[in-house]
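There are 2 protein chains.
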Amino acid sequence: MQTNERLLSAIENYLAQAEFPAEPELLYAPIGYSLSGGGKRIRPMLVLLCCNLFSEEVQHALPAAAAVEMFHNFTLLHDDIMDNAAVRRGKPSVYAKWGRNVAILSGDAMLICAYRLLSESPAQLLPRILRTFDDMALEVCEGQQYDMDFEQKQKVSVVEYMHMIELKTSALLAGSAVIGALLGGASEEDCRKLRRFAVELGLAFQLQDDLLDSYGDQRLGKAIGGDILEGKKTYLMITAMSRAEESARDVLRNAYRDPMLTDAEKIAAVKAIYDRYDVPRLAEQQISLRFERALGILDTLSVEHSRTQPLREFALSLMGRSK
Amino acid sequence: MQTNERLLSAIENYLAQAEFPAEPELLYAPIGYSLSGGGKRIRPMLVLLCCNLFSEEVQHALPAAAAVEMFHNFTLLHDDIMDNAAVRRGKPSVYAKWGRNVAILSGDAMLICAYRLLSESPAQLLPRILRTFDDMALEVCEGQQYDMDFEQKQKVSVVEYMHMIELKTSALLAGSAVIGALLGGASEEDCRKLRRFAVELGLAFQLQDDLLDSYGDQRLGKAIGGDILEGKKTYLMITAMSRAEESARDVLRNAYRDPMLTDAEKIAAVKAIYDRYDVPRLAEQQISLRFERALGILDTLSVEHSRTQPLREFALSLMGRSK
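Same order as they appear, the protein sequences are chains A and B. Take 11 as the starting number for the first sequence in this note's numbering and just add one per residue. Take 11 as the starting number for the second sequence in this note's numbering and just add one per residue.
Don't take each hint at face value.
Copies of one chain are not kept apart here, so a pair can be met inside one copy or by any two copies together.
[Stated by the list, open to error] Simulated pairs of lysine to any residue, SDA-like, Cα-Cα distance not exceeding 25 Å:
(1) Lys-107 - Asp-93
(2) Lys-242 - Glu-35
(3) Lys-165 - Trp-108
(4) Lys-163 - Ala-39
(5) Lys-107 - Ala-95
I should point out that these hints are in silico values taken from the structure, not numbers from a laboratory.
All chains should be modelled from the sequences, with the hints used to inform the complete structure.
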């Protein structure tokens with residue numbers, strides 16, 4: 011088995027050696043810009059880790075690992091247009107740097123490049139890998155559409171929200187895990203379990219992201235309160251809306267666009283209601299529940315317990331819980 | 011062998027029975043709208059015709075045929091955003107009807123659906139079919155990028171223009187032909203020849219499209235002069251620019267944005283120069299050259315001459331030359 015550091019550097023090397031044509035420059039330059047822009051390589055790591063659970067050899071999984079990373083970056087490119095987002099990973103987004111048309115077309119090319127990488131997977135596994143990837147990719151689009159739908163909706167339930175993030179965030183992790191497992195030669199049953207593992211991990215990860223946006227984390231040094239200032243319907247907001255009485259709901263609905271309040275006051279007003287209705291603790295509970303469930307699934311795989319250790323470490327580090 | 015009418019109705023039936031989820035509506039409704047919006051089904055016809063050259067059975071080529079039609083419609087969806095085009099096939103474009111974000115995301119979903127259809131092709135052919143499709147899809151993106159680049163460029167050569175339309179228009183026909191041939195069990199050599207056939211046919215088709223836009227065709231009832239009014243760098247414009255003297259070039263460059271001229275005067279001014287420099291005849295020559303070359307390639311295939319008859323008829327009807 012390989013250490014997580016070695017797997018990560020295998021991914022970085024593989025991505026770095028990918029060459030794109032020089033022309034047309036406006037089509038290909040944004041792809042290199044986007045791929046070299048950092049990111050934690052969470053999805054390709056999942057491909058390799060899940061492959062490595064069942065197979066000592068992971069080399070043959072590198073194209074698929076690169077494919078899911080390429081796909082992820084494609085979604086960011088197009089999401090940034092849809093969200094009018096000027097910054098991505100601390101740098102100008104492709105949309106801001108090159109404009110709408112370049113971001114659309116380079117994004118399209120990235121999606122095609124993702125398929126091209128995927129097609130390099132071993133031929134006998136290709137039909138199943140493709141089907142997994144296609145389904146996953148459509149689910150991510152569905153999640154993005156629901157997310158945009160929610161902006162227009164008055165009321166979003168917790169169930170609807172969990173369904174949306176299962177599509178928008180978990181599906182790509184689940185697809186990555188299953189593709190890795192297939193490449194490792196896993197059984198149907200182990201594939202199903204790893205899908206479930208990744209879905210739960212994705213939910214825990216997204217809920218924690220929501221929580222950290224409002225309550226922060228020194229380690230990440232993330233700006234606090236962005237979601238509140240945008241009036242975003244996060245897990246915290248939706249849970250608070252479902253628990254608060256009407257007068258508090260009114261604050262939750264309108265604070266972010268109240269011209270009489272400073273940003274700090276908006277954040278304080280909303281967080282006061284979150285706190286009053288115990289929302290952070292409920293979120294913590296959900297996060298722990300999902301995360302424990304994910305780790306529990308790893309115990310049930312048909313491999314020796316010690317083989318699951320790197321995947322556990324990866325999950326812990328993803329959640330910021332590694333020692 | 012099957013008649014072209016039967017092949018076309020097989021495509022229409024196959025596309026009509028494709029079902030999409032009801033939700034999220036804004037993701038899937040535009041796909042159905044786009045696919046049912048007409049269009050001549052040129053690309054899926056090419057898949058089936060090229061398959062039928064080598065195989066009596068074409069049923070197994072229907073998913074790939076639908077995939078290239080899906081891909082073509084995906085490009086239209088995204089092109090319409092990039093071109094701010096409000097009308098497509100006489101109806102509001104998806105962009106105009108649902109807005110930018112829906113057009114981006116539904117387009118993405120269509121590209122994924124195209125791959126999903128393609129993946130239903132016979133497993134033993136899948137790696138080659140995928141590679142052909144991936145290369146073709148990237149070429150189409152490259153062509154679209156060059157086309158947009160040309161809008162910003164002062165001077166575009168005829169060679170550059172031909173290269174652009176070979177990517178933007180011919181590549182998809184060529185990919186369709188090769189995928190069909192592969193599904194029919196064609197040899198490498200026949201695949202190469204059919205690729206060449208489709209490239210030449212695509213060039214003839216695109217040049218004729220340029221010519222008809224300025225010189226019209228009663229049969230198509232197409233508005234005349236749209237390209238001239240947009241100041242588009244078509245084959246006619248580029249050829250005229252390369253042949254005209256400076257004063258005429260000045261008219262070609264600026265007539266479309268001259269506030270002193272009516273639309274009819276703009277068109278007349280540009281066409282007078284086209285005529286003076288023999289541009290329509292040169293275009294006709296290129297069209298005939300390319301078209302004859304395409305038909306000539308069919309004579310060299312390793313199949314009986316009679317088997318190529320439906321493909322000839324298809325090519326003639328595409329060029330508006332059928333009896």
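Here is what the structure says about each hint:
For a Cα distance limit of 25 Å, the shortest separation of Lys-107 from Asp-93 qualifies both inside one copy, at 15 Å, and across copies, at 19 Å. For the identical chains of this complex, Lys-242 and Glu-35 are inter-copy neighbours only, at 22 Å across copies versus 36 Å inside a copy, given an alpha-carbon limit of 25 Å. In this homomeric assembly, Lys-165 and Trp-108 come within 25 Å of each other (Cα to Cα) only across copies, at 22 Å, whereas the closest approach inside a single copy is 36 Å. For a Cα distance limit of 25 Å, the shortest separation of Lys-163 from Ala-39 across copies, 19 Å, qualifies, whereas the shortest one inside one copy, 38 Å, does not.
When the C-alpha separation of Lys-107 and Ala-95 is checked against a cutoff of 25 Å, the pair qualifies both within a copy, at 11 Å, and between copies, at 24 Å.
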